[in-house]
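Novice: Residue strings, one per chain:
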Amino acid sequence: MLPDDAVKIADGIRDMRIRGAGQIARSAVEALEITARASKASDVKEFMDELTDASQTLLRTRPTAVSLPNGIRYVMHRVGKSAETAKSVDELRNISVEAAETFIENAKTAVQRIGEIGARRIIDGDVLLTHCNSSAAISVMKNAWASGKKFEVFVTETRPRFQGHITATTLRKAGIPVTMILDDAVRYFMQEVDKVIVGADAITANGALVNKIGTSMVALAAHEAKVKVYAAAETYKFSPETMIGDRVKIEERDQSEVISQKELEHIGSIKIRNPAFDVTPPEYIDLIITEWGIIPPLGAILILQDVFGVITAEELHEYQTYEIEED
Amino acid sequence: MIHKDVLSVVENVRLRQMRGGTVITHAALSALRSTSLASTATSSKEFVANVEENAKYLRKIRAASIPLTNGLRYVVSDVQRAADQGATVEELKKVVSDSAVGFDRKLEESIAQIAEIGARRLKAGDVIVTHSYSSSVLAILKKANQQGKRLKVFVTETRPELEGQDVARELAAEGVDTTLIIDSAVSHFIEDSDKVIVGAEAVAANGAIVNKIGTAMIAAVAQRARVRVFVAASTYKFSPETMFGELIQIEERPASYVLDDKELNQQNLKVRNPAFDVTPPQDIDLIITERGVIPPQAAILVVREQKGPLVFTTQEPALERFLGKVDSR
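Protein sequences, first through last, are from chains C and G.
Heads up, my numbering is the position in the first sequence plus 24, with the first residue counted as 1.
Heads up, my numbering is the position in the second sequence plus 24, with the first residue counted as 1.
No wet-lab data here; the hints were simulated from the structure.
Take the hints with a grain of salt, since some may be wrong.
Derived pair list, reagent style PhoX-like, types lysine-lysine, alpha-carbon separation capped at 25 Å [claimed, not checked]:
#, chain 1, residue 1, chain 2, residue 2
1, G, Lys-118, G, Lys-167
2, G, Lys-130, G, Lys-80
3, C, Lys-286, G, Lys-176
4, G, Lys-28, G, Lys-69
5, G, Lys-147, G, Lys-219
6, C, Lys-173, C, Lys-197
7, G, Lys-294, C, Lys-295
8, G, Lys-294, C, Lys-252
9, G, Lys-118, C, Lys-166
10, G, Lys-147, C, Lys-173
11, C, Lys-295, G, Lys-167
12, G, Lys-167, C, Lys-197
13, C, Lys-295, G, Lys-69
14, C, Lys-295, G, Lys-173
15, C, Lys-197, G, Lys-294
16, G, Lys-118, C, Lys-295
17, C, Lys-174, G, Lys-130
18, G, Lys-176, C, Lys-295
19, C, Lys-273, G, Lys-176
20, G, Lys-118, G, Lys-130
Not the full set, but computed from the structure, chain G residues with beta-carbon under 7 Å of chain C [unchecked claim]:
#, residue
21, Ile-205
22, Ser-208
23, Gly-238
24, Ala-299
25, Gln-306
26, Leu-310
Ideal placement from N, C-alpha and C gives every residue a C-beta, glycine not left out.
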């Protein structure tokens, strides 16, 4: 049983009132912290059972977020390791609370830290290109602009849901000159671009980038034109499952995002496929900007080891929400 | 004076009621023909001048469309030659009519021939990706389907005008296994695909093709995945002007295709909306023409055989001579 405040959080994540990868992870970890603080367990084992139950409840709230299981794992990995030697519930409770607070603090500042670090890579006169809507990528651009650098940004509209419109609005309101283009026009304009900056839905153990559909074509067009590709990714976006060979599942979304039912009936008997993400191989990525610093894509494994420690397959699969592709 | 038929074609193309270079060429030549037949010119000199004026005007409706340029060039050169040989206005009217109908027929026949040749390159079970609307590509796919080769076709919706939906409709009507995807999803599905087939608005002398925006990215993705890229293009799409350095003009279409009025006209916000892009020859495996399959590097051989003088672009004596020489062979 979760304490009332933790239940409220779980409901918020489930109902999508709590949104965004960082917010979801922070809230879930906060719920775990609340549970640890409220626990009336009489021994270490009972305490661990309570936290494990709470974890499972939280994991079920949003089956596709990468950040949520990572937040839970961050805490539970540390708590689990200490449980073997902990002498009292209070000792373990303190470890839980400390781990949770560290995670939350880091997650809270991650986007801003990425912005500060990434902004150093931008120079006066740059022409940037971004795809979709990423708070980390926007943070890089806004930080660079705030530091007085002058540049302009091509923003793709980002079919099917046009998140590029949100990005364009955010950037232009910050004073940054924006040119909106079709996703199809990226190769056409790439010769005018100096740097591509995108966010990440997930980073795999080999440094591949899972991001909004279309990202891999943008990266290929950039790579071919010798334009730098930067991925801005908080460390909770890194996917430890991929270290043990699991593949990140590419979610397919509803066809209504692509075409209305009426238009579809007019066309006749066809299928619609609408994958939400694609995979950009590490060789098309120049660097990944994390809140812990800039790494080459092949350094992803270091982040995974630092954040999640040496983690076993059992442990990974125990705290897992998003579906892993069977294959 | 620009005739009303010419104006109405121009207007229709502006309103995007016509898609595909072949359709536009057909409409433009019909307009040139009816305009000329209705001509009240009193001398053959005046008649030729009228035809030239209307042809130049029609060319502007889509400068990137080479069949349009070549078709107009074809008719104008026939008329000029006949006038030089002393034809009367009435005789010249017949020349325009025959020439326009003749080019139209050649263009139409070229599609059937391309379908025949292109279908041979497809195997039963092939998974095809196509982008935008091309009469030639549809003809190939339909032909292969009629031959009993069961194809699976990924059709991109093709932002911003979504002509991919028309392609999907035509394929579905033929019973082809058709899947509509967003343009950005091509790289996701390319691993499952065998061939990319696209049409062309124009083929340049170096074998580069100009086609609907997005084609260049699809070709690049296909090349990386070792998926073959076929371009279906009649020889009438090959551009002689590019041999002498002229760049094929990429028109930009209105910003309103990309953003609605509410979102437009904001500070710090521009829209760029090019209609076409250029796919380099190294990203193309072959070009399927009505005269056979050629590697893109052989485009120059086809360009050599275009007929007629250069009447629509900056005067280039070398090209005039070149085409004149070929013409008299």
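Novice: Now tell me, hint by hint, if it's right for this structure.
Specialist: Going down the list of hints, with the structure as the test:
no.	hint	in the structure
1	Lys-118/G with Lys-167/G	violated, 35 Å
2	Lys-130/G with Lys-80/G	holds, 21 Å
3	Lys-286/C with Lys-176/G	holds, 24 Å
4	Lys-28/G with Lys-69/G	holds, 21 Å
5	Lys-147/G with Lys-219/G	holds, 10 Å
6	Lys-173/C with Lys-197/C	holds, 16 Å
7	Lys-294/G with Lys-295/C	violated, 35 Å
8	Lys-294/G with Lys-252/C	holds, 23 Å
9	Lys-118/G with Lys-166/C	violated, 67 Å
10	Lys-147/G with Lys-173/C	violated, 55 Å
11	Lys-295/C with Lys-167/G	holds, 21 Å
12	Lys-167/G with Lys-197/C	violated, 53 Å
13	Lys-295/C with Lys-69/G	violated, 58 Å
14	Lys-295/C with Lys-173/G	holds, 19 Å
15	Lys-197/C with Lys-294/G	holds, 13 Å
16	Lys-118/G with Lys-295/C	violated, 50 Å
17	Lys-174/C with Lys-130/G	violated, 55 Å
18	Lys-176/G with Lys-295/C	holds, 11 Å
19	Lys-273/C with Lys-176/G	holds, 24 Å
20	Lys-118/G with Lys-130/G	holds, 18 Å
21	Ile-205	holds, 5 Å
22	Ser-208	holds, 3 Å
23	Gly-238	holds, 3 Å
24	Ala-299	violated, 10 Å
25	Gln-306	violated, 11 Å
26	Leu-310	violated, 21 Å
Consistency note: the structure conflicts with the earlier hints numbered 1, 7, 9, 10, 12, 13, 16, 17, 24, 25, 26.
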